[in-house]
Structure formats: structure tokens, C-alpha cells
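Number of protein chains: 2
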Amino acid sequence: MCRSKQRMRWDMRRCFLDSPIGSLHAVQDKLTLMIPGPTPVPESVLKAMGRHPIGHRSGEFQAVVQRTTEQLKWLHQTQGDVLVITGSGTAAMEAGIINTLSRGDKVLCGDNGKFGERWVKVARAYGLEVEVIQAEWGQPLDTEAFRLALEADSAKAIKAVILTHSETSTGVINDLETIARHVKAHGTALTIADCVTSLGATDVPMDAWGVDVVASGSQKGYMLPPGLSFVAMGERAWQAYERSDLPKFYLDLGPYRKTATKNSNPFTPAVNLYFGLEAALEMMQNEGLEAIFARHARHRSAAQAGMKAIGLPLFAAEGHGSPAITAVAPDGIDAEQLRKAVKERYDILLAGGQDHLKGKVFRIGHLGYVCDRDVLTAVSAIEATLQSLGLHSGNMGAGVAAAATALS
Amino acid sequence: MCRSKQRMRWDMRRCFLDSPIGSLHAVQDKLTLMIPGPTPVPESVLKAMGRHPIGHRSGEFQAVVQRTTEQLKWLHQTQGDVLVITGSGTAAMEAGIINTLSRGDKVLCGDNGKFGERWVKVARAYGLEVEVIQAEWGQPLDTEAFRLALEADSAKAIKAVILTHSETSTGVINDLETIARHVKAHGTALTIADCVTSLGATDVPMDAWGVDVVASGSQKGYMLPPGLSFVAMGERAWQAYERSDLPKFYLDLGPYRKTATKNSNPFTPAVNLYFGLEAALEMMQNEGLEAIFARHARHRSAAQAGMKAIGLPLFAAEGHGSPAITAVAPDGIDAEQLRKAVKERYDILLAGGQDHLKGKVFRIGHLGYVCDRDVLTAVSAIEATLQSLGLHSGNMGAGVAAAATALS
Chain A
1 MCRSKQRMRW
11 DMRRCFLDSP
21 IGSLHAVQDK
31 LTLMIPGPTP
41 VPESVLKAMG
51 RHPIGHRSGE
61 FQAVVQRTTE
71 QLKWLHQTQG
81 DVLVITGSGT
91 AAMEAGIINT
101 LSRGDKVLCG
111 DNGKFGERWV
121 KVARAYGLEV
131 EVIQAEWGQP
141 LDTEAFRLAL
151 EADSAKAIKA
161 VILTHSETST
171 GVINDLETIA
181 RHVKAHGTAL
191 TIADCVTSLG
201 ATDVPMDAWG
211 VDVVASGSQK
221 GYMLPPGLSF
231 VAMGERAWQA
241 YERSDLPKFY
251 LDLGPYRKTA
261 TKNSNPFTPA
271 VNLYFGLEAA
281 LEMMQNEGLE
291 AIFARHARHR
301 SAAQAGMKAI
311 GLPLFAAEGH
321 GSPAITAVAP
331 DGIDAEQLRK
341 AVKERYDILL
351 AGGQDHLKGK
361 VFRIGHLGYV
371 CDRDVLTAVS
381 AIEATLQSLG
391 LHSGNMGAGV
401 AAAATALS
Chain B
1 MCRSKQRMRW
11 DMRRCFLDSP
21 IGSLHAVQDK
31 LTLMIPGPTP
41 VPESVLKAMG
51 RHPIGHRSGE
61 FQAVVQRTTE
71 QLKWLHQTQG
81 DVLVITGSGT
91 AAMEAGIINT
101 LSRGDKVLCG
111 DNGKFGERWV
121 KVARAYGLEV
131 EVIQAEWGQP
141 LDTEAFRLAL
151 EADSAKAIKA
161 VILTHSETST
171 GVINDLETIA
181 RHVKAHGTAL
191 TIADCVTSLG
201 ATDVPMDAWG
211 VDVVASGSQK
221 GYMLPPGLSF
231 VAMGERAWQA
241 YERSDLPKFY
251 LDLGPYRKTA
261 TKNSNPFTPA
271 VNLYFGLEAA
281 LEMMQNEGLE
291 AIFARHARHR
301 SAAQAGMKAI
311 GLPLFAAEGH
321 GSPAITAVAP
331 DGIDAEQLRK
341 AVKERYDILL
351 AGGQDHLKGK
361 VFRIGHLGYV
371 CDRDVLTAVS
381 AIEATLQSLG
391 LHSGNMGAGV
401 AAAATALS
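Respectively, the protein sequence lines represent chains A and B. The opening residue of the first sequence carries number 1 in the UniProt record's numbering; numbering runs sequentially from there. The opening residue of the second sequence carries number 1 in the UniProt record's numbering; numbering runs sequentially from there.
Next comes chain A alone, as it looks inside the complex:
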């Protein structure tokens, strides 16, 4: 009796919660994700993930780990280690910080958005001394400020420079290459980079640039659902690991490195996401790094051109837009209202503004498994929605025309 009542309650609740698909305009399961994560996942990757799990200590799974490890090195353009953690990008970034630094260490932290801010918080949570190099949200980090701070550090007190490559909250790409060069000139500091929305979208040759730690997450350029994150560690990072005294266990990368030599993991990994990872990385290898980067650059151009032609100002400073995400600051228009209307009418999910940008900014994600059609569609839908809201002030169709030109 009791059980069937309970079941009825669940069924009713489900009915109630599920019935509004989104709006009268939408049909079920026709959602297009254009947020900076989770990004769309290819059908073949979903299928790979959908098989029954296998033992994570089996030879068959070791073969998966071996293949993905090689694929991950290819993606990171590194001879170093790329370790897989079950967790979010934040877990990977925290791992990069706590495995290379010690209590009281001084670090230089770039902060020009929500994620830069987050690494300042992580560093402080572990008792590091943080010098922050800040830029306004929407502006790139000033590479000269890093050069000057590093040059002034003759005592070599700065142990690491921590920064976000593509700042997801503002759609700004920071000049990691130049900053890493300044860090190299310093001689002893490490470069620890959040490449969560840059890896797989633009060139991040970590060995060539001398970036010591690169953190990333599966629901981004990898074209996977969320759940896996990745920390790439170069040789200098491992030397720092030996000295590091910050407490850690699940995120202690030593056991990850040790078990990786046997194509294994220290803790039970997300086996099904690994299946998807292998399939997604194989797709990426088939497309090739240069083609992937060109595609993301093309989509950035199209999104930017489309928004400009509609008369919607870009939020990121000119020339510093991320290839993964275009943030738009529609002057005099409630960005949340527009974003919600695009979702209701066309079932395209755009991202909103974070923190103080809520209502002022919306963001178009063009990261990962995104094709030209998706970007064209997003621009059209934004344009059409503006029109139906009576907010389109220019020539209707100008956005799509500009985007199409940029794509061709």
C-alpha cells in the first residue's frame, strides 16, 4: 500500500515537473546547447558511454587508459603527464595548485573574471600569499604587469603564476604565451594555467610555451558530458611536487602518476566517461588540431560579426575575444529577458552573465562540438527574438548576413 502510494507521489511529481518542456514553442528534447559547458555531445560519444561498465582494473580498461593517455598528450602537445581526475575543472585546477606549492608560498594570480577570482580563493584557502594582478572584467590581463612584477622579484619569492587562459565569465582570452615567457625569464616560478575553455578550442602547446601545469574539463572542448577533468604536469611541476607540503589525498597527483605508468588510476575512475573520452578524442584526432582551432576561430568571427551587425556591443575588449565564447552586452536591453526568450522560442540555451553581469550580459558558447550551422542558427535566433520583442533597431537579417559572410 505504502509503496504504491509513494510511487504514485513520485509519478505525479515527475508529471508536474516535466510537463512544461520549456515553452509552448519548443518540442521535447530539441535543445541546442550554446553555453560554455556542458557543450553538445556527438551521438557516437553518447553511444560509447552507453555500454555496460567493465572492471576498472581489467586489461580491457587498461587498454582504454593507454589509448586515452596518448590522445591526451597529443591534445596537450606535451611529452609530460596528463592525468585524469573524476571531478570538475575546479578539482583539476585545485590539484595543479596544491601539488606544486607549499604553505606560505607567494604566488602571482591573474584575475579578470569569475575564474581568475576563483584561483585567488583556492590559493588563499591553502594559506598561500597571493599577489593579485587584476584587470576589469572584459579586459585582458596586462602582460606587462606580470613582466614587471616578475622582474622586480629578485629574491625569487614568487613560486608560481596562476591564471585563466580563456576567461569563461567574460569571453576574454588572455595572452598565456607571453605571460608564460615572462615567467620563464624569471627562472624559478611555475606557470599554472586554467585552460578549461581554451584547450581544444585554440592552440595551447604547453611544452613549447613552457606552461608547467594545464588544467581542463571534459564538458568543454572535449565534447563530453561533465565528470572528468585533466591536469597536465611538466617536469618542473613534478620537481615542485616533491617539495610541496599542502595537505591532499584524493587530489594528490603522485599516486595518479604512479598508477598511470601501469595504465591505471589510484581511485575508481568514471569508466563510462572514459569510454566517451576515447571516442571524442579519436574524433578530434581525425579532424586534426589545426582544423579544430580554425573552426573555433571562424565561429568566433561569425558570432562577433553577427552581434555587431545587429548592433549589440561585445563585452570583451576588441581583439581579445575568446574562440570559445562570445559575451554580448546589449545596451539598454535586459540580457536575461532576451536569453530566456531565445530559449523559449527557439530552444537554444545561451549563458547568462555571472555575478554583477547578470542581466547585463549574455554569452554565446561556440565551444567543442559546434558546427557552422549552429552559429548561424544562434545569430538568426537572437535576431528573430529581438525583432519579436520589438527590440531590433537595425535592418532585420543584417546579423545573419554578417555571420554568413564570416563563415564563408
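There may be inaccurate statements among the hints.
[To be verified] In silico contact screen, one side only, chain A against chain B (beta carbon under 10 Å); selected entries:
#: 1; residue: Val27
#: 2; residue: Asp29
#: 3; residue: Leu31
#: 4; residue: Pro53
#: 5; residue: Gly390
Rather than coming from a laboratory, the hints here were simulated on the basis of the structure. Even glycine gets a Cβ: it sits at the ideal position worked out from N, Cα and C.
The hints should help you fit chain B onto chain A, whose structure is shown.
Using the frame of chain A, we list chain B on its own:
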């Protein structure tokens, strides 16, 4: 040219690595998992996981979080919080420890297997003072030793008692109920329990028993692939959280609790595993807790009876076998040889012995999505394999007969 060459290389490697399915006896994808995790996953759960991801800040996803939160409370029999972390069971257990304790705190740690050992390591990694109550592998923790240690602590120096409920490495179930009662009598210490292979297999009424922190993982009784872990926190645990000074960020449960009130998560969660979680917990609710526990108890009886009838001694002390896993110590037989032969001939994956038990013990997992047929089959396969290896010393069929009797 280069790309197609590369592709060929990958295809060849895949061919090479995939071709031996396991043995000449096996057919592809006919594996039966009888390890203590990953456990088998129902088809409907795989299907739920196989849909396209949605935005983790969307209303639709919030509805999933809301439903699973209620389901998780039902499973834990608690009015407290159950928080979902993307990570392994170790991450959940570490979170339980570092969110309730402070540097230098004294803890009492039960250690009668690999996982008990692990919590000692975690506690020490964070600078806690650890008093270990040890038992031989295969023996249960002595509840009286806990009572005496707690009673002797008139200064109330012991801040927590940390133990494993079902010790996966040895197949022993510890008497969590009694130990938690002794902790309650102490008055100020917390009980932090690893219920990774007990939750969803046997009764863990955390509120009724006064257990303050319960950690678990998705690839166990939950019938899900690995990737999610769970920390249940009672009110006393949250009071301790306020005082805790151990450094943490990704595993800081404060933000998880705060976002949970809005049916959300502090970091991007493993969206697709959440879909599976909802489906799996719904299946569990339909079956009902009592029926689930009875099924696991029945499978323990059948596995134990089968092994005894074949003449294979159990590893766990009589009366202390876990309902999730039966460890077998086949006297004079190489347990790894037997385990591998069962895998090769019948494509049933049993677990091996860990650390010093390697080769001496094999373990039958009967946890999660396991039916009577699976247990009967495992016993038959072990019996048949022993016969074909010339190692069956009793009446062929005795094991299956005993198991069948126990199941009926």
C-alpha cells in the same frame, strides 16, 4: 596524408588491443561483473544516461537535483543533507573528514582492511592525531575496544570515530550500529562512516543510529557507473563544520549545502550520471528498502553456502560476512589462477585479493543490480572451473545445490 596515416595507426592499435575478447571461450560484450564495483548497471539506467546533456543551471536540471535529493534522503533514512560530489568514494570520505575536523584533532580510526587503512592515511595527511583500533584482516572491529577507548577519554580529546562499515577488501561487515552507540555515549565525538559497500545493501538508518557522516559511491549499491559520490551530513556534523580549519576548496561541503537549497551544485556536476542516478533511485524505491536488504542477505547466504559446500573456506570470520561481498580463501589453490580461469571460460569477473591477499583470496561481489540467477551462475561457474582445473575435491554440483537451497 599525415592525418590518414595517423588514423590508420589508431585503427590498427585498436584492432590489436581489442581482438582478444578475453579468451577463446568468451563472446564479445557478454561480461558479467561480480566485483564490488563497478557493479552491473540496469539497461534503463544506461539509457537515462545516454541522452544529450542539458544546462546544469537550467530549471530542468534543478528538477532532477530536487528529485534525487529526496530520493537520496530516503535511501539514507535521514532528515539531514545528502550532498553529491563528482568524484570517487574516497573523495566523499575525505570530504567527510576534512569538513568536520581541525588540525591536530585526535580521532579514533578503525582499521581491519584496505579501506580502514586508507582513512588512517587520509587523517594523517591532514595532520590529525590518529589512534588506530586494529583488527586482523578478515576479523571484524572489536566494538568493546571502541567502548573502552571512548570511556577512557574523559578529557573529550577524541573528536571523531572513523570506520568502514562494509570492508570491501575482506568481505567483513563491522558493527557500525554498536560503535555509533558508544560514540553517542561519549557525548562529543562524531561518527564518520564509510558506507560505500553497505548503503543500498543493508540497513544504514543513519539518523536512528546517530551516525553523523555517511560516505558512499555511485558504482556500488546505487547500480550506477562510477563518477558520483555522496556525503550525508547530520546536524552535529554541520556544527563541527563551523569549527573545522582544514584547508579545502573542491571538497568544501559548505558551498554544496548552500547551493543544494536552490537545487544546484557549486561546480559543474556530472549531468549524465545524475540522469542515471534518478532512474536508479527510482528503481530502488519501487523495490523498497526492505526487499533490497533481503535480496542482498539472501545472496550472501547463497554465496557463502555454495563456497562452503565446494569446500572453499570463507575469509571473513563466521557471522561477520558482508551482504555485498563474499571473500573466499581457497586453501592450497592459487586464487588468481582460479579467478582468471572463471573469467576466461565463463566471462564472469570476480575480484582478486588486495595487497598481501593477492593470490590467496578471491571475492564474489553481490552488490547492487544482482539477481538470484547471477549468484547461482557464479557459484556454478566457480564449481565448473575448479572441476576443469582438476581442483574440485568434493561432489560436483554440491555448491550449486547449497546455493539453490539458500536462495529458495
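- Task: Provide an ascending list of the numbers of those earlier hints which the structure does not satisfy.
- Result: As far as the earlier hints go, 1 and 5 are violated by this structure, in ascending order.
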